[in-house]
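Line by line, the protein sequences are chains A and B.
When the first sequence is numbered by our numbering, its final residue is 237 and no position is left out of the sequence of numbers.
When the second sequence is numbered by our numbering, its final residue is 545 and no position is left out of the sequence of numbers.
No lab work stands behind these hints, which were simulated from the structure alone.
A few of these clues could be false.
[Claimed, not checked] Keeping only pairs whose Cα atoms sit at most 30 Å apart, straight-line, the calculated DSS-like set for lysine-lysine is:
#1 134/A - 422/B
#2 60/A - 541/B
#3 375/B - 60/A
#4 453/B - 422/B
#5 395/B - 360/B
[To be verified] Computed from the model, here is a short list of chain A residues facing chain B with C-beta under 8 Å:
#6 22
#7 25
#8 49
#9 51
Note that the structure is predicted; figures quoted are calculated from it, not measured.
Each residue gets a CB set at the ideal place from its N, CA and C atoms; glycine is no exception.
Each chain, written out:
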Amino acid sequence: MTVEWWTIFFGGISTLAIYSFLYKENPFYRVFEHMYIGIATGLGLVISLERFIWPQLLAKIFHASPQVYATPPQLVAQGAPLTSTVPYEPLYLLYLIPMAFGLGYYTIYTKRYAWVSRIVISFALGYGGGLAFKGFFAEYIPQIVSSFKPLYVPGDFWTSFNNTIFVFTLVCVMIYFFFSFEHDKPGIKQASTAGRWLMMISFGAFFGATIMARMSLLIERLQFFIEDWLPNFSVLF
Amino acid sequence: MEHPENKGFYEFLLSIDRRVVYVLVLIALIVPLLVEKGMQPAKMTTAQMAYDAVEKLPTDTGKMVWIAMDWGPATQAENMPQTSVFMEHLMRRKILFCTYSISFSSEPFMKSVPNEVANSMNKKNEESGDPYRYEYGKDWVNIGFRPAAVLFVRGLGKTEDVREYLSVDARGTPMTEIPCMKNIKTIEDFIMLAEFTGWVGAFNIWVQFFQTKDYKPIFVHGCTSITIPEAFIYLDSKQIHGLFEGVAGAAYYSKLIKGDEFDPVNNPDLATKFMMSLSMAHILIFFFILVGNIGLWWGKLAEKGGPS
């Protein structure tokens, strides 16, 4: 049995375990659910170390080649270099400052020094807020601008028709969410109701799309069972 | 006054165990997979837009397409066929590309998907006598996963030396030693951004930060079916220039790039096989909705004293 065989075998068993929830809640499902969370957390940690913390930070600070972790053992045995041939750059030591600052987050686990973590958190909130502010303008301003559509496009009936529906929907839905006055006045009441109906149609579209997505996920798993797992499993018999 | 004796059909529907529905859905999905037949995909204007955008890209300039593979096993079903056909199109046109992800769960796919596409293309070239062979480093590079997604993308837009900024690829090879990265200096050397995801928030990062004051990329997006309605907002505002609508988008794109080679009935690929099963499931669900509504209507009629 190769590693690949075992990978496919456990892939199938894991899938069955998770889908067993459809029958009813059971310990088989629970075990694999917890395994999944544990594996995902562990994998995230290892990959972060391997792909970022080592090559981007530690390898530079300790002057090791960024290829160290990727060098196959047989090449290392043949004398492949594990130290960089590039001259050492002492300025990389400055990386220790943001590293130490970031590690301050872990003081949250101590009563005495927990205040240090608040500085780190406030810094994260500050840059997060700034990025969100910039991101908002970059993302939504073009959408707001594109919502000002001409209702009549000469010589193009369908674009005019589409634009009219778009603007009508936009106005009705905005009126529905405008709570500064009662929606009992003529015109406003009808527009608000129309806004609600139009949103219902939109939610229907979302729900339909959700069904399609969920079915796709199931199809992929079934395909895995038919094309990989069953032929793999049948080797045993 | 209620007439429960007339509500037989309605009550029968209510009494059906949900597991019976699951089994019926399972049968509808599994039968098309067993018969190994695909179906002609429906025309998708949005996939056509994505195809046209790639067709307009210049070749032999040493510039590159940035592919953000922000998906993992959870949305593999839809995002993998999309990414796969998109890479095939780039390879057919000999346009360089790099792969990157904001999530570690994409790591295995960033290695396997381009490799599988390249192997398949190399096999075809071998059969047709074309001496060209697609190779890692020459035709594409895998940047891999990097943490701090927003900060990373923001930094990419700011840097004046992308190779220095990225430092090494996922194999640990310095970017300066990778041939296809030779002409890449700034973010403006990426002639297109293609982002495939099913995760909330991932797509927005690219819309917001993969740009500078003077540069906005040609942007193609592959989304899962759930986010199709949302993606149309970005298409309408021209923030994206093409869209893969779930697996259906991938199937139609596959038809566009393969042309006469495309034979979904006798030789279905990943996306077209999916479509057959998906269509069967949709017909079944449509049937369930119809029967459920008739049952409800029947029950209401019974409450009012009919049907007799």
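Hint-by-hint comparison with the structure:
A distance of roughly 25 Å separates the Cα atoms of residue 134/A and residue 422/B; the hinted pair therefore holds under the 30 Å criterion. Pair hint residue 60/A plus residue 541/B does not hold up; C-alpha atoms about 80 Å apart against a cutoff of 30 Å. At roughly 26 Å between alpha-carbon atoms, residue 375/B and residue 60/A fall within 30 Å of each other, so this suggested pair holds. This hinted pair checks out: residue 453/B and residue 422/B have alpha carbons roughly 16 Å apart, not beyond 30 Å.
For the given pair, residue 395/B sits about 40 Å from residue 360/B by alpha-carbon distance, which is inconsistent with the 30 Å threshold. Interface restraint check for residue 22/A: the shortest CB-CB distance to chain B comes to about 5 Å, inside 8 Å, so the restraint holds. For residue 25/A, the interface hint is violated, the least distance from its beta-carbon to any beta-carbon of chain B being 13 Å, above 8 Å. Look at residue 49/A: its Cβ only gets to about 10 Å from chain B, farther than 8 Å, so that hint breaks.
For residue 51/A, the interface hint holds, the least distance from its beta-carbon to any beta-carbon of chain B being 5 Å, beneath 8 Å.
Hint compliance for this structure: hints 2, 5, 7 and 8 are not met, and every other hint is.
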